[in-house]
Structure formats: C-alpha cells, structure tokens
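K.L.:
Sequence:
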Amino acid sequence: MSRWRPETSGAPVWSRLPAARPTAVRRPDTYDLWIRAAGLLVIGTIVFNFFLAFLNTRVMGVSQNIVMLAELVLIAGAMILAADRRAGLYALLAVYLAYVALILALRPELDLKAIRDGLIPIAFYFLGRRVRDIESVDRIVLLSAGIVVAIGFFEYFLLDLFVANVNVLKYYISRGTLEVGDNLVEDSSLFISGTRMQGRNLLPFLGTHRVSSVFLEPVAMGNYGAFLVLWAVFRKDMTHRWLLLAAACVVIVLGDARFGMMVCFALIAVIMVYRLVPRLIWVLVPAFITLAMAVYGMSTDALRWEDDLGGRWLHASWLLLKLDTQGVFGISSYGGFLEDNGYAYSLHQLGLIGIAGLWSLYIFAPVRSPDAWRFRAPLVTYICLLMVVSASFYSIKTAGLLWFCAGAVDVWRGFAASRQRTEDPSASR
Numbered sequence: 012m013s014r015w016r017p018e019t020s021g022a023p024v025w026s027r028l029p030a031a032r033p034t035a036v037r038r039p040d041t042y043d044l045w046i047r048a049a050g051l052l053v054i055g056t057i058v059f060n061f062f063l064a065f066l067n068t069r070v071m072g073v074s075q076n077i078v079m080l081a082e083l084v085l086i087a088g089a090m091i092l093a094a095d096r097r098a099g100l101y102a103l104l105a106v107y108l109a110y111v112a113l114i115l116a117l118r119p120e121l122d123l124k125a126i127r128d129g130l131i132p133i134a135f136y137f138l139g140r141r142v143r144d145i146e147s148v149d150r151i152v153l154l155s156a157g158i159v160v161a162i163g164f165f166e167y168f169l170l171d172l173f174v175a176n177v178n179v180l181k182y183y184i185s186r187g188t189l190e191v192g193d194n195l196v197e198d199s200s201l202f203i204s205g206t207r208m209q210g211r212n213l214l215p216f217l218g219t220h221r222v223s224s225v226f227l228e229p230v231a232m233g234n235y236g237a238f239l240v241l242w243a244v245f246r247k248d249m250t251h252r253w254l255l256l257a258a259a260c261v262v263i264v265l266g267d268a269r270f271g272m273m274v275c276f277a278l279i280a281v282i283m284v285y286r287l288v289p290r291l292i293w294v295l296v297p298a299f300i301t302l303a304m305a306v307y308g309m310s311t312d313a314l315r316w317e318d319d320l321g322g323r324w325l326h327a328s329w330l331l332l333k334l335d336t337q338g339v340f341g342i343s344s345y346g347g348f349l350e351d352n353g354y355a356y357s358l359h360q361l362g363l364i365g366i367a368g369l370w371s372l373y374i375f376a377p378v379r380s381p382d383a384w385r386f387r388a389p390l391v392t393y394i395c396l397l398m399v400v401s402a403s404f405y406s407i408k409t410a411g412l413l414w415f416c417a418g419a420v421d422v423w424r425g426f427a428a429s430r431q432r433t434e435d436p437s438a439s440r
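Count the sequence shown with the working numbering and you get residues 12 to 440, in order.
In case anyone wonders, no lab produced these hints; they're calculated from the structure.
All C-beta atoms in this analysis are idealised placements derived from N, C-alpha and C, irrespective of residue type, glycine included.
Check each hint, because a few of them may be wrong.
[Claimed, not checked] Using C-beta positions, here's what the derived DEER-type ranges look like: (1) D198 x T311: 23 to 31 Å; (2) P215 x I158: 39 to 47 Å; (3) S371 x A305: 38 to 46 Å; (4) V378 x E317: 36 to 44 Å; (5) V294 x G322: 28 to 36 Å; (6) A280 x L170: 33 to 41 Å; (7) V191 x K124: 33 to 41 Å; (8) R211 x F276: 15 to 23 Å; (9) F216 x G72: 33 to 41 Å; (10) E317 x T188: 23 to 31 Å; (11) A305 x T41: 47 to 55 Å; (12) T41 x T188: 37 to 45 Å; (13) A313 x L123: 33 to 41 Å; (14) E350 x A313: 20 to 28 Å.
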C-alpha cells in the first residue's frame with residue numbers, strides 16, 4: 012500500500028501546475044451571422060433596382076419577370092431569416108394566403124401583385140422582431156443612408172456618367188412600367204418626374220434636376236428621406252444621430268421632396284402629442300381619411316386638379332370614387348390606374364377585410380416597452396400621409412427597411428434598458 016510523501020521540492024505548488032491551454036479564438040456566434048445576413052438583405056431591397064438598371068443599360072435587357080424574381084428572392088430570404096419556433100408568422104401567413112387565394116379566385120383576372128403587397132410587411136416585420144439590439148438597426152439605417160447619399164451625389168454632379176451606366180428611363184421601359192414617349196423632357200434618361208419643369212421648390216439654385224439615387228424615382232427618394240427623419244427623431248440616444256439627420260436633409264433636398272418635407276413636420280408634431288391619443292384612434296385614422304376623400308370627391312365642383320397639395324387631394328378623391336362595391340372588397344375587374352391614391356389601391360388589391368385586418372394587427376400588436384409607441388405613432392402618421400398621394404408605400408425599395416425597423420422596435424426593451432446596457436456592458440451578456 013502506497014503512502015503519501017511530502018513534496019521535497021521547495022518550489023511553490025502552483026509553479027508546477029500544467030500550463031493553461033491557449034485561449035480559443037473567438038468566432039462570431041449565430042446571431043452575429045444572422046444580423047449581418049439580415050442587414051445585407053435589407054440593404055438589398057434598397058439597391059437592387061439600381062443594379063438591375065445598370066445591368067439593363069450595360070449588360071443585358073431586364074424584363075418585368077426578372078424584377079419580380081428579384082423581389083421574390085428578397086421576400087423569400089426575409090421569410091427564411093424570420094423563421095423560428097414560434098407559430099405567429101406561420102399562422103398569419105396561412106390566414107393571409109388563404110384570404111388572398113379567395114379574393115383572387117373571385118376576380119375575373121389573376122393579379123399576383125396582391126400577394127406580394129401583403130407579403131412584404133409580413134416578412135420584414137417578423138424579420139425585425141428577431142433583432143436583439145436596436146443598435147444593430149441603427150447601423151443598418153445609417154449604412155443605407157450613406158449609400159443613398161453617395162449615389163445621389165454621383166447622380167447630381169456626374170449626371171452624364173450616371174445615365175451612361177444607369178439609364179433609368181430605359182430600365183422602366185424594359186420592365187413595362189413606362190412606354191416609349193412617356194418622358195416629358197426630350198433626350199432625358201431620367202424618370203418622368205426626374206425634372207421639375209417649373210423649377211425646384213427646395214433650394215431653386217440647384218436646378219431642375221430631381222435626384223433619385225438608388226431608388227431611380229424621386230418619390231421614393233422623398234419617402235426614404237422622411238423615414239430617416241422619423242428614425243433619427245425617435246432614436247434619441249442613437250450614435251451619430253445628427254449625422255443621420257443631416258443625411259435625411261440632403262436626401263429630401265436632392266430629391267426636391269416637398270411632400271416629404273411636410274411629412275417630416277407632421278411626424279415631429281405627432282411625437283410631441285402621441286401619448287394623448289388612444290389606440291382606437293390610430294386604428295381608425297385610415298378610415299377617417301378615406302371617408303373624407305369620398306365626401307370631398309362627391310361634393311366638389313372642380314373640373315381639373317393642379318400639381319399641389321390641394322390638387323393631389325382632389326385627384327386622389329376622384330380615384331377613390333372609381334371603385335364600386337366589388338372594388339372596395341378587392342374582387343373588382345377594374346384595370347385603371349389607381350397608384351396615385353394608396354387607399355384606393357389598397358382596397359382594390361387586398362379588399363376592405365384584408366386591409367383592415369393587417370392594419371389592426373399592427374396597431375394592436377404587443378410591444379415590449381411603451382417607448383415603442385414613440386415610433387409606432389409617427390409611423391402610422393407617415394403611412395397614412397403617404398397613401399394620400401401614392402401607393403409607393405408598398406414598394407419594397409422603402410417598405411423593406413420600414414417594416415424591418417417596425418418589427419425591431421416592437422421587441423426593443425426601451426430607452427432605460429439601452430442606458431443600462433451602455434453603463435454596464437456585462438448586463439447584456
């Protein structure tokens with residue numbers, strides 16, 4: 012039987028312990044890879060039309076089918092990244108697809124745009140709900156702003172080189188959105204609204220050119236600029252917040268977005284008073300606006316509309332009155348142009364039941380922090396105002412980022428949690 016013997020060496024015991032293993036190299040965890048993929052996907056929704064226009068100008072023709080395929084890839088990518096073990100996304104998708112299949116079956120003609128219009132907010136909202144830290148969203152928004160401003164300056168200062176590589180008019184003709192001869196300015200390769208014939212409203216000395224950057228059309232540029240203002244005003248503790256505000260101002264001015272500028276003032280006003288407005292009012296705002304349009308359209312004696320705020324309201328009212336009862340419920344065969352009124356377009360594409368259902372789901376969706384309403388209330392205002400003059404709100408070019416941010420805000424823990432994490436980094440581990 013062996014006996015314990017005292018150590019004869021005089022060296023300390025710990026000096027004879029085996030050397031520690033070298034520290035393992037830190038690898039990005041699953042979430043790091045996920046947020047990078049999500050960020051690239053959201054940026055892709057903003058820039059893909061720009062790259063397709065370049066492809067159409069310099070390499071090969073781009074048809075409407077290619078554009079639709081690109082959008083489907085982006086939506087499918089968002090769905091894949093948004094998928095988790097919770098049943099909410101799958102249940103909503105099942106109900107939505109069943110509903111759309113029903114109204115499409117009742118229509119004389121099949122229009123797949125109705126499916127896409129609802130899938131974009133669903134996919135990107137649930138994608139945003141998987142975000143763990145709002146600072147990641149800040150970086151994605153700031154990166155997108157940098158890209159838009161950089162390409163915008165390139166378009167403004169080097170216009171000939173820009174259109175030589177990105178012929179916007181040719182791209183929209185190739186995809187079937189415009190026809191040859193639709194351009195109002197002879198020999199112009201910009202979108203039909205890319206030139207303000209009567210002169211700029213914002214900083215007239217900049218000329219008549221309305222910059223559209225990666226969006227290819229000034230309306231989307233203005234919508235994006237207003238959203239940047241919304242995000243910068245909402246994220247009061249954001250790093251580089253004032254840089255984002257400056258980028259928003261540049262975007263709005265370059266695009267000569269007079270309506271976008273008015274929307275910005277409305278957003279700031281709503282942020283000041285949103286706590287006083289009950290949730291039921293927010294859900295009814297689109298109904299109030301639609302009713303006001305219908306009453307105005309039926310009561311006015313005007314014969315023509317001007318290109319100003321009052322004129323656009325009149326034009327939108329007339330478009331709304333083109334819908335019959337079947338059109339209101341999304342089963343009409345009407346094939347006229349409704350894109351200048353987002354409310355009429357929404358009813359025609361998804362029907363009253365579908366639109367009311369999706370809108371109510373968002374308004375009454377649970378939020379982790381009451382601070383989320385500092386974003387949701389002005390976002391509701393943003394959407395309702397944009398839909399008065401166009402259906403551009405449905406475009407994935409701006410809707411992808413918008414709904415991604417909306418989803419991220421709803422699961423965000425609020426300003427107090429952000430301050431605590433900043434003061435004590437170990438709290439987030």
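K.L.:
Now, for every hint given, state plainly whether the structure supports it.
P.N.:
Going down the list of hints, with the structure as the test:
1. The hint said 23 to 31 Å for the Cβ distance between D198 and T311, and at roughly 38 Å that hint is violated.
2. Distance hint check: the CB atoms of P215 and I158 are about 27 Å apart, inconsistent with the given range 39 to 47 Å.
3. Distance hint for S371 and A305: a CB-CB separation of about 21 Å, inconsistent with the stated range 38 to 46 Å.
4. Here the CB-CB span from V378 to E317 is close to 41 Å, well matched to the stated 36 to 44 Å.
5. A C-beta distance of roughly 29 Å is found between V294 and G322, which places it inside the suggested range of 28 to 36 Å.
6. Between A280 and L170 the Cβ separation comes to about 36 Å, which falls inside the hinted range of 33 to 41 Å.
7. Evaluation of the 33 to 41 Å hint for V191 and K124 yields a failure: the beta carbon distance comes to about 23 Å.
8. The hint said 15 to 23 Å for the Cβ distance between R211 and F276, and at roughly 19 Å that hint holds.
9. Checked against the hint of 33 to 41 Å, the pair F216 and G72 passes, with Cβ atoms roughly 39 Å apart.
10. Distance hint for E317 and T188: a CB-CB separation of about 25 Å, consistent with the stated range 23 to 31 Å.
11. Distance hint check: the CB atoms of A305 and T41 are about 51 Å apart, consistent with the given range 47 to 55 Å.
12. Checked against the hint of 37 to 45 Å, the pair T41 and T188 passes, with Cβ atoms roughly 40 Å apart.
13. Distance hint for A313 and L123: a CB-CB separation of about 36 Å, consistent with the stated range 33 to 41 Å.
14. The hinted window of 20 to 28 Å between E350 and A313 holds, with their beta carbons roughly 21 Å apart.
The structure fails to meet hints 1, 2, 3, 7 from the earlier list, while all remaining hints are met.
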